[in-house]
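Q: Quick mapping for you: the protein sequence lines, in order, are chains A, B and C. Using the UniProt record's numbering, the final residue of the first sequence is 523, and nothing's skipped along the way. Using the UniProt record's numbering, the final residue of the second sequence is 598, and nothing's skipped along the way. Using the UniProt record's numbering, the final residue of the third sequence is 352, and nothing's skipped along the way.
If you're looking for bench data, these hints aren't it; they were derived computationally from the structure. Accuracy of the hints is not assured; some may be wrong.
[Said to hold, decoys possible] Just so you have them, the derived chain C footprint on chain A, three or more residues with Cβ under 8 Å:
{"id": "1", "region": "186 to 197"}
{"id": "2", "region": "377 to 389"}
[Stated by the list, open to error] Lysine-lysine pairs mimicking DSBU-like chemistry, simulated, CA-CA at most 35 Å apart:
{"id": "3", "chain 1": "C", "residue 1": "Lys17", "chain 2": "A", "residue 2": "Lys280"}
{"id": "4", "chain 1": "C", "residue 1": "Lys17", "chain 2": "B", "residue 2": "Lys187"}
{"id": "5", "chain 1": "C", "residue 1": "Lys17", "chain 2": "A", "residue 2": "Lys236"}
Positions of the beta carbon are idealized from the N, C-alpha and C atoms, including for glycine.
Each chain, written out:
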Amino acid sequence: MTNSINEIPNTKVMFVIGSNATEAHPVIGTKMKQALAKGAKLIVADPRRIDLADHSDVWLRLRPGTDIALINGIMNIILANGWEDREFIEERTEGFEKVREAVQKYTPEVVSKVTGVPVENLVEAAKIYATAERAQIFYTLGITEHTCGTDNVMSLANLAMLTGNIGKESSGVNPMRGQNNVQGACDMGALPDVYPGYQKVANPEVQAKFEAAWGVPLDPNPGFMIPDMFEAAVSKDLRALYVLGEDPVITDADANHVRKGLQALDFLVVQEIFLSETAKLADVVLPGASYAEKTGTFSNTERRVQMVNQAIKPIGNAKTDGEIICELATRMGYPFEYQSSEEVMQEIAKLTPQFAGITHERLGTQGLQWPVPHAEHPGTKFLHEGKFTRGKGQFVAIENQLPAELPDEDYPLLLSTGRKLSHYNVFTQHSPSLEIHSPEELAEINPLDAKQLGLEDGEQVKVASRRGELKTKIMITERVPVGMVFMTLHYFDSPTNVLTNGAYDKVTKTYEYKVCGVKISKV
Amino acid sequence: MAENQRILVCAGTGCASSGALPIIDVLNNEIKRQGLEKTVSVVGTGCQGFCEKGPTLVIEPQQILYTRVTEEDVAEIIEQEFIKGERVERLLLVDQATQKPVSSMGDIRFFAKQHRIVLHNCGVIDPKKIEEYTARDGYKGIVKALKGMSPEEVMEEVKKSGLRGRGGAGFPTGLKWGFCRQTPSDKKYIICNADEGDPGAFMDRSVLEGDPHSVIEGMLIGAYAIGADEGYVYCRAEYPLAIKHLGIAIKQAEEAGYLGDNILGSGFNFHLKIFEGAGAFVCGEETALMASIEGKRGMPRVRPPFPAVSGLWGKPTNINNVETWSNIPHILRNGAEWYGQFGTEKSKGTKIFALTGKVNNTGLVEVPMGTTLREIIFDIGDGIQGGKKFKAVQIGGPSGGCLPEDMLDLAVDYDTLTQAGAMVGSGGLVIMDETTCMVDIARYFLNFSKKESCGKCTPCREGTTRMYEILDRITKGEGKEEDLDTLENLAITIKETSLCGLGQFAPSPILATLKYFRHEYEAHIHDHKCPAHNCTALLSYSIDVEKCKMCSLCAKNCPTNCISGDKKTNTPYVIDEEKCIKCGTCIEKCKFGAVTRA
Amino acid sequence: MEWLTLTIDGREVSVPKGTTVLDACRMNNIPIPTLCHAPELTSAGACRLCVVQIEGMRNLPPSCVTQATQGMKVETQNPKVRNARKVILELLVANHPLDCMTCQKMGDCSLAEYAYDYGVTGEVYQGEKRNLPIDSGNPFILRDQNKCILCGKCIKACSEIQGKSILDFSHRGFDTQVGPAFNLPYNESDCDFCGSCVSVCPVGALVEKQMVGKGRPWEVSKVQTTCPFCGVGCNFDLNVKDGKVIGVTSNPDAPVNGKALCVKGRFGMDMIYSDNRVTTPLIRKDGVLVPAEWDEALDLIATKLGEIKKTYGPNSIAALSSAHCTNEENYLMQKFMRAVIGTNNIDHCART
């Protein structure tokens, strides 16, 4: 996020697109509602009638996968009405003319046809967002989990820059990270092309710095991204995989393909706290520790690095994940001799400019928001004040693109996936109380579709795509539009990702979890 | 025979419920039958005030009052009044002191001591006709304000008049308006509080029913002075006739250009709506009232911020009650000096009271501030029913206090009554005689307060119930020595710590009765006696053998067969107290006064 | 900032303009009892327990909603004030069960604390008591309305923190209750089970069901930590007794969320003790995963990875790191892959 979570209650306008905050980021959802209570305006763009849609001033019920058309259309309206921020465009950005040209053909009428959103709603949304004193965009996986995810994000950046809504308090573009420490895992260089702090592996200076620090020669070539790994496993270019605290068989798109890849490996190690579906395929399973059993840090979606404090010893014979990795490294001839996670953080701080001023002691009970460039730095509340990281903000003309797989005659319904409030990914099913509260998948289907298929509320059905099939109960609801089915990713018994499409964004290789074709039949 | 004679038939809620409406139809038919329609007209008016004697009608211009009129009386009245020019004696009011019928209203004690400003039109005009209001100088106040006075000048005039809020607390109206006017805002509201909730009080209802335009005009003037462009009348839904008449009046005022945009070409806008309350007493408290309009649970909130700063939907808001608003047109029309001639130094103008209880003339009365209780009860009210002895007057409803006989010469004004432990309140006056038990009366009012407590603050929610429980115990003869101390401590704490007026004044009936009638409490607790012979549980019945003629009437009529005796065997009649339910039938039946109650 | 001076119990104190009398007292360590006040919620001024005497003011104003003014003279402990508070406490206790011994809130109950402080007996007012059913139809929150003192904080927490507004008062006067619409049980209402209501309840009316019978406040140590259930990064306190996590409670100083949490953060901690936990290393032998010692498992991995690296090169090995693990663990994992194995084949579910 470019802004901080606690700026939300004071924001004037929120444009929430592809983000079901009250369920996926509940406490951010509550902050949004606090802003609403203070009179903030809310624009929601979502095909589903999510809770926030009911609280919105304008709800743009767009067809899944038409985000770029929607944003271009809004920009068209803004320009037609002269609501753009001329000064900001001139002083802080470049490439504006190309975007202006590109959005010309996205007239309200055209966009309304493509997205299904009435023209008056488009105009109202454009007006509210563009004429606000301060406006924030919030997006989540509804934007990124598309084959055009990167372009979706750039469209939103265009919109923010067009109206000067970035780089100020309560004004910015805010992706909300889904998982608890996905921000931190990225920050720490658990990516194939960067070291901690997004320092490129291909940069010789960076390479030299890490070689000096770690005392070994390092590879300057980026490694495999997740989808590549499963391809490489099938083609035998990859022989061994070490999976730490993930369950790709359940969480990655086209799960059957993932399973095939894992089965093709010579050696699979899974380090987990539960015997996950992936662990069941492993050659060795190592018992890790839960959040209550270890000390370290998580970085949240607003870049706040916060302490995780050990409350109890690891359960049974389990060890903390850090301890396990250290022991393994040592056994492989490179001793990791850290006495504590605090020592690891000292090394991180030394090598990572954004973390330079972070120590466990400084984090204390309040944490720090990176960048924290030195030991006295108070942390950074919001990004891009006065200047973007790259200097001038780059406008990029983007055209609307279709999802990789749309419903057709054979698979007439559109499946979209997401989270729900009562669960988080796949492991909260192991919480007895949450399990009692919300025990099974309830695929959402529109009453008209249910009627056509002759389905009753709560009925068990079969859902199939080109890649697989599963059984699930259904909930008949107008939350989903006609033609759409919505499922979560939380349940082992209805592993939604056997259905989803393994097509991915060309830059980030993020799967298109949000759109694929399925059919439903009675069982 | 005089031209243009009118028959004013009271069609207020009181007389309507005792059968006034069909009388109007019968009158019209009879007039037609007699061919009098050119000279005699019938008007259904608002409350004429004399509810006790309803249905009432007045012949104008002679000012003849007929009481307890029925449909069967109509032909005779028309015949006598308009053909023979004589009275129907049997329908005239009988003065209790002289026991003679009185025909002219001016000679009736009930009317003679009143001074009607707010009720000036009530019972005189047809409230459903704006032209009858304008014919009696209606809307001249707002015209005067819009045509020649600045909002500040209007406010000054109201300040100068000395008018104080008629809702209970008596806060100076002009000053209150000033607070609201001073708060900068893009939007301001004014509200008329017509959530009249005191048991036995019907002043506001009568004004809205009988003269709704006066409230509208008052609000218009207030809105102009304050700078508000929207108003609400918050009226309890139990007042359907008031709501109906007000609705008609608003529509007529809109059509006549008194309400809406650019009123009388002045550029001043004002829109007025009616909001029907659901009958919670606490919604008469201004912050609860506003919460109710906003669609929330009617619960008071702490002040500050006062409504003048943050009121309805957070906007500056001024709230006055019906009677206050209805005073305003008169002040504007006639000037502050004229108004200042009525009342006392610190309480100007008149006050309407709903006179009820054990008094001969019950009804609606308007008297200048400073009139004594004695004048109201014994002159206007014509004394106590059945010649019984006056005991106390409850003034100010459940939030007010009971005053004893030696305070009858108190002048009714805000400060005097507050000092005496009562309050003007909204204007309820309940008269009690010697048969009223003051502990039971306190219990009665506490029962009301505890039911109407909104439940928000601890002292009122929990405390009113505990006070009621203690009083209930005392009236049942189960009072304990420490009860009076407990009660007093509780009452004072509730008064001093409750959030809103309901809680702060809920203990008033207890504190006042403890102050003036403590001996009655003590008699209940120590002697297990109710001096007023009212509390059933404390009564005992016995038969005086000397007086008993052994007629057996008492025994025959006793519902529990607890009286036994036999004339043949000369067995005296006695009451079995174990079985006696203290219904009092034996006393009523005994012709010889042999049964006594103690 | 503008400061003003007032006198509290004969002591001159200075506070910033805009401070309430209650805050002025608390800033100066003058104790004032409160039941309906919470710093994160708007003040209702409803319980009336915080009343004080202020020179020139009518009645006894509640300090939580009274602004301090220059020259104000406040008395917080005189007999009149203490008597009023005692009466209010007696009233509350008269309508409250006296089953403190078995109450989950014992030791952390504001009502009990003040009742003790003010010498309340519970015997002054004898009369009607509430007798309402207990709502235990959900796995998270146990709601005993008979213990409710109607302070209204849960209602405000639901609307002001959570933005849900499923709670409100119903009925009037002595019969007033708090609950969802139509007094439905929580699990039949629109409740999200964020538990904000529980976090502000001053008595035992709302308690964490999982914690009932698991530990008394004085036996529990609280460990602040960061929630693992989404990217918001809420902080809360793990409540630990005898080496076991017995529940989660809000930590008002949590930088992101204050007292707010969601159903997962507040109640999902029982996941730690799930029967499905792997508690010992497992090695596949004859196609079946069987328990093994750490040494055996780690040696096997070291050997196998060493062999594969030697035979097929470091890039034939990859790792998926974890968005659920700590920064330090992720750092170690990528360092392990890069420095020990010698490959950049490291990724994680960065995009979900």
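Q: Would you mind marking each hint as holding or not holding in the structure?
A: Cross-check of the supplied hints:
1. Counting residues of the region 186 to 197 of chain A whose beta carbon lies closer than 8 Å to any beta carbon of chain C gives 10, which meets the minimum of three for the stated coverage.
2. Counting residues of the region 377 to 389 of chain A whose beta-carbon sits less than 8 Å from any beta-carbon of chain C gives 0, not enough to reach three: the coverage restraint is violated.
3. With a CA separation close to 64 Å, the supplied pair lysine 17 (chain C) and lysine 280 (chain A) exceeds the 35 Å bound.
4. A C-alpha spacing of about 28 Å is found between lysine 17 (chain C) and lysine 187 (chain B), which places the hinted pair at or below 35 Å, so the restraint holds.
5. A hinted pair counts as satisfied when its Cα atoms are at most 35 Å apart, and lysine 17 (chain C) with lysine 236 (chain A) does not qualify at roughly 73 Å.
When the structure is compared with the earlier hints, violations turn up for hints 2, 3 and 5 and for no others.
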